[in-house]
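Chemist: So you can see what is in the structure, the chains are spelled out below.
Number of protein chains: 2
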Amino acid sequence: MTSVNSAEQDLLAIVNAQIVTVDVSGTVIANGSLVVGSNGAIRALGKGSVPHDALETIDARGAIVMPGLINAHTHLGMTLFRGLGDDMSLEDFLARLMPAECKVLSPEAVHAGTELAALESLLGGITTSLDMYYLPEAALAVAMSSGMRIQTGPNFLESDGPEPLPFNERLAWAEKWLAVPRDSAGSTGWLAPHSTYLLGEDHLRQIADLASRYEARINVHAAETVGEMQAVAARHGGRTPIQVLSDTNLLRRAVLAHGIHLSDADIALIAANNASVVHCPASNFKLASGVARILDLQRLGVNVALGTDGPASGNDLDLWIAIRLAGYMQKMMAHDPTVLPALEIVRMATINGARALQIDHLIGSLEVGKRADLIVLDADSPSLVPSFDPHVTIATAVTRADVCHVIVDGRVVVKNHMPLTIDRQSVLSAVRALGADVLASVNSR
Amino acid sequence: MTSVNSAEQDLLAIVNAQIVTVDVSGTVIANGSLVVGSNGAIRALGKGSVPHDALETIDARGAIVMPGLINAHTHLGMTLFRGLGDDMSLEDFLARLMPAECKVLSPEAVHAGTELAALESLLGGITTSLDMYYLPEAALAVAMSSGMRIQTGPNFLESDGPEPLPFNERLAWAEKWLAVPRDSAGSTGWLAPHSTYLLGEDHLRQIADLASRYEARINVHAAETVGEMQAVAARHGGRTPIQVLSDTNLLRRAVLAHGIHLSDADIALIAANNASVVHCPASNFKLASGVARILDLQRLGVNVALGTDGPASGNDLDLWIAIRLAGYMQKMMAHDPTVLPALEIVRMATINGARALQIDHLIGSLEVGKRADLIVLDADSPSLVPSFDPHVTIATAVTRADVCHVIVDGRVVVKNHMPLTIDRQSVLSAVRALGADVLASVNSR
Chain A
1492 MTSVNSAEQD LLAIVNAQIV TVDVSGTVIA NGSLVVGSNG AIRALGKGSV PHDALETIDA
1552 RGAIVMPGLI NAHTHLGMTL FRGLGDDMSL EDFLARLMPA ECKVLSPEAV HAGTELAALE
1612 SLLGGITTSL DMYYLPEAAL AVAMSSGMRI QTGPNFLESD GPEPLPFNER LAWAEKWLAV
1672 PRDSAGSTGW LAPHSTYLLG EDHLRQIADL ASRYEARINV HAAETVGEMQ AVAARHGGRT
1732 PIQVLSDTNL LRRAVLAHGI HLSDADIALI AANNASVVHC PASNFKLASG VARILDLQRL
1792 GVNVALGTDG PASGNDLDLW IAIRLAGYMQ KMMAHDPTVL PALEIVRMAT INGARALQID
1852 HLIGSLEVGK RADLIVLDAD SPSLVPSFDP HVTIATAVTR ADVCHVIVDG RVVVKNHMPL
1912 TIDRQSVLSA VRALGADVLA SVNSR
Chain B
1492 MTSVNSAEQD LLAIVNAQIV TVDVSGTVIA NGSLVVGSNG AIRALGKGSV PHDALETIDA
1552 RGAIVMPGLI NAHTHLGMTL FRGLGDDMSL EDFLARLMPA ECKVLSPEAV HAGTELAALE
1612 SLLGGITTSL DMYYLPEAAL AVAMSSGMRI QTGPNFLESD GPEPLPFNER LAWAEKWLAV
1672 PRDSAGSTGW LAPHSTYLLG EDHLRQIADL ASRYEARINV HAAETVGEMQ AVAARHGGRT
1732 PIQVLSDTNL LRRAVLAHGI HLSDADIALI AANNASVVHC PASNFKLASG VARILDLQRL
1792 GVNVALGTDG PASGNDLDLW IAIRLAGYMQ KMMAHDPTVL PALEIVRMAT INGARALQID
1852 HLIGSLEVGK RADLIVLDAD SPSLVPSFDP HVTIATAVTR ADVCHVIVDG RVVVKNHMPL
1912 TIDRQSVLSA VRALGADVLA SVNSR
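As they're listed, the protein sequences go chains A and B.
Under the working numbering, residues 1492 to 1936 are what the first sequence spells out, in order.
Under the working numbering, residues 1492 to 1936 are what the second sequence spells out, in order.
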């Protein structure tokens, strides 16, 4: 047993658990316990029973306990537009979506859409999301009320959008945003230049300068479609998105969403800059954007995390689907069923996401001292029986149906599949009520 | 409203439903009712409320009601070996699996594995499965007790297996099997020659002869891997599996599992013989077997259904995963997000499966006079809100988490996510108890 001392009463103990730690060795504890201390961190972890004085005990009844999933690329508020533009290309989809967003998105609407997204995410075992969306104050409010970790910050793109601020005013607003002190997870310390196709070099450099002054992290779309590659080459003198990000000082430790159409030189630049790639297979395959070179990225030491992308292109916030699509597709494309083995896929959905967000010292694995962000799967799910290797079970059989309990920062936010921090009927009603506006915004075009 | 008269009391009414009929026009009834008559058939279907005298009413509360899913290729009893051979090729997997099957499979073990499979299938919205496995009497017993439709029949392959009968005795046993009168769905009228790589031409012809005498339907693996193509060419004078099946009179209206490595001539033969191809994307991609030419098959008029394959290669019995993998992968490989649109995928998982099994006059769509095999999705699932087009919702957002009620032949077998016909704890215990034997069977090799 590993543990640290705590003078105060423990918050929570989880017993009879098959603990999938996702630590550096991929340790699995076949029958163990995990204790959450008074501060919301994992205080003890070990085989069998572990001494504790927690008031609340969860009996996992032999089921898998694992780190909460980390969705490293999404647009949470986009749930409002789920299923609005299907069986079409990214370009056609954006041409349909963006005007609808301008017409429908108020702070209240973004809040409703983001709260629905938090409900969907938490019920599906996602405990942290890196969000990129308009009016990001709504996401922070939902993070506070729902308990899901949401990392976010101001977006930059050249369109009027629902936040029609001229660039300089937007930059000033972003600076105010960054000046607010961050929490320990740095959830507000982000800037999100949309992409190198929707921003010119001068603006990209100004964003990099601001980021540098506040040590802000960068979240950006890169190399998603062939159309993007052509647009970036035309706009930026034949360069690739990765070259432009590097030249404008935005690549260092950046989170690169998609990362599909990468040259060998691009991958070397990404590796040299310790940037992460977030693979979003549901969106990439559904939109026929392309297949990311995951194996090559990993071979060259690039950290690869998983994302759902927005629920209007995905069409959901389901990282279990991403796990299946990522693993099976890479095996298929490599003509080799041995590549991306189960533990590697599990890492992509957990610790690699934490690494991308630069909070792997806090979350992403179950280890003493880390924050207690974890999920307990359903012991009675027929799909998970038998289980000879829990990493294989996670990579090939678990779905969101199997997420029984969800704990974030030591707080139980889902218990027996029921959300404890979000009023399900109220958020469903709010989003349904916006449906007519969404449809009208499309039909009126 | 469409309806037929019935003198006796209705069994069941489903109201406030978004009815996805999957009829020939893809009709959706935005707010409707469906009445199941005393005989277990759909007696009436229409907008708003429909007159009925049913004792039991299910309020769908606006959720999608659709035909039960049809799993047109699986090996149900193989749940016992789930996750036993992962991150390896089909050939390596079979070399591991087949000896384990010989050691572990008793009639009781196959029954336990099949009952677990029925539990998993029904909870996930599958109401009919075409099974291919040893000791098929177990599957019929589970069909009877669980209420899931299982179609099955004797297997033929050249290995000792858990049924070590010499070929002639096996043929005689199969004839006795076929001589038992079928029910209206013909659930026992099947013969399953494993494949053209595990059977010689003489045996294939004898199976075809028997099938012809009893009008039995044929369920066979075909064109799954490159290794199979080479083995069949070597064994059968350079022919393809499809040519061999055609030459041995086994191709007519056959159900061809996988159908990946098909030439244009093979596809033309399949079309000319009104055979069906069952696409099993989870297994095919996970094992890196290949990507079936779904679009070409459809273009030439071949009926394409969906299957999970066995849960030891899959690793689950989840047709929602198959729906995602099939749709997204075909879009990706075609570099065209418009191919295999949502309604087409929904057809593959429902009516096309019924057509493959030659029972599309009974099930596969919601129409008056057909058997009441249907599922009611969860009105409160955040992943399904909003829903602007229910076919898109089904093809891109539903998972087994969302299957709320399941009805087969008018009988409610799952209610509020709880199985009514299977004792969950008892079957989970039985399968867990066999786990040690399964592990020992592998370790002792």
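Since the hints were derived computationally from the structure, they do not count as laboratory data.
Keep in mind that the hints are not guaranteed to be accurate.
Pairs involving identical chains hold if they fit within one copy or between any two copies, as the list cannot separate such chains.
Said to hold, decoys possible - Below, simulated SDA-like cross-link-like pairs (lysine to any residue); rule was C-alpha separation at most 20 Å, straight line:
1. LYS1594 <-> PHE1879
2. LYS1594 <-> ASP1544
3. LYS1594 <-> ILE1758
4. LYS1906 <-> ASP1871
5. LYS1906 <-> ASP1869
6. LYS1594 <-> MET1720
7. LYS1594 <-> ALA1924
8. LYS1594 <-> SER1650
9. LYS1538 <-> HIS1602
Chemist: All hints are to be evaluated individually against the structure, with a verdict given for each.
Modeler: Structure-based check of all given hints:
Proximity of LYS1594 and PHE1879 under a CA criterion of 20 Å is satisfied inter-copy only: 18 Å between copies versus 52 Å inside one chain copy. Proximity of LYS1594 to ASP1544 under the C-alpha cut-off of 20 Å is found in neither arrangement, the shortest distances being 53 Å within a copy and 47 Å between copies. In this assembly of identical chains, LYS1594 and ILE1758 lie within 20 Å of each other by CA distance neither inside one copy nor across copies; the values are 39 Å within and 49 Å between. For a Cα distance limit of 20 Å, the shortest separation of LYS1906 from ASP1871 qualifies both inside one copy, at 15 Å, and across copies, at 16 Å.
Within a single copy, LYS1906 and ASP1869 get their C-alpha atoms as close as 11 Å, and across copies as close as 18 Å, so both meet the 20 Å cut-off. In this homomeric assembly, LYS1594 and MET1720 never come within 20 Å of each other (Cα to Cα): the closest approach is 29 Å inside a single copy and 56 Å across copies. For the homomeric pair LYS1594 and ALA1924, the shortest alpha-carbon distance inside one copy (15 Å) is at most 20 Å, but the shortest distance between copies (59 Å) is not. Proximity of LYS1594 to SER1650 under the C-alpha cut-off of 20 Å is restricted to the intra-copy arrangement: shortest distance 13 Å within a copy versus 66 Å between copies.
Taking identical chains as interchangeable, the C-alpha atoms of LYS1538 and HIS1602 are never at most 20 Å apart, the minima being 42 Å within one chain and 35 Å between chains.
Checked against the numbered hints listed earlier, the structure breaks hints 2, 3, 6, 9; every other hint is satisfied.
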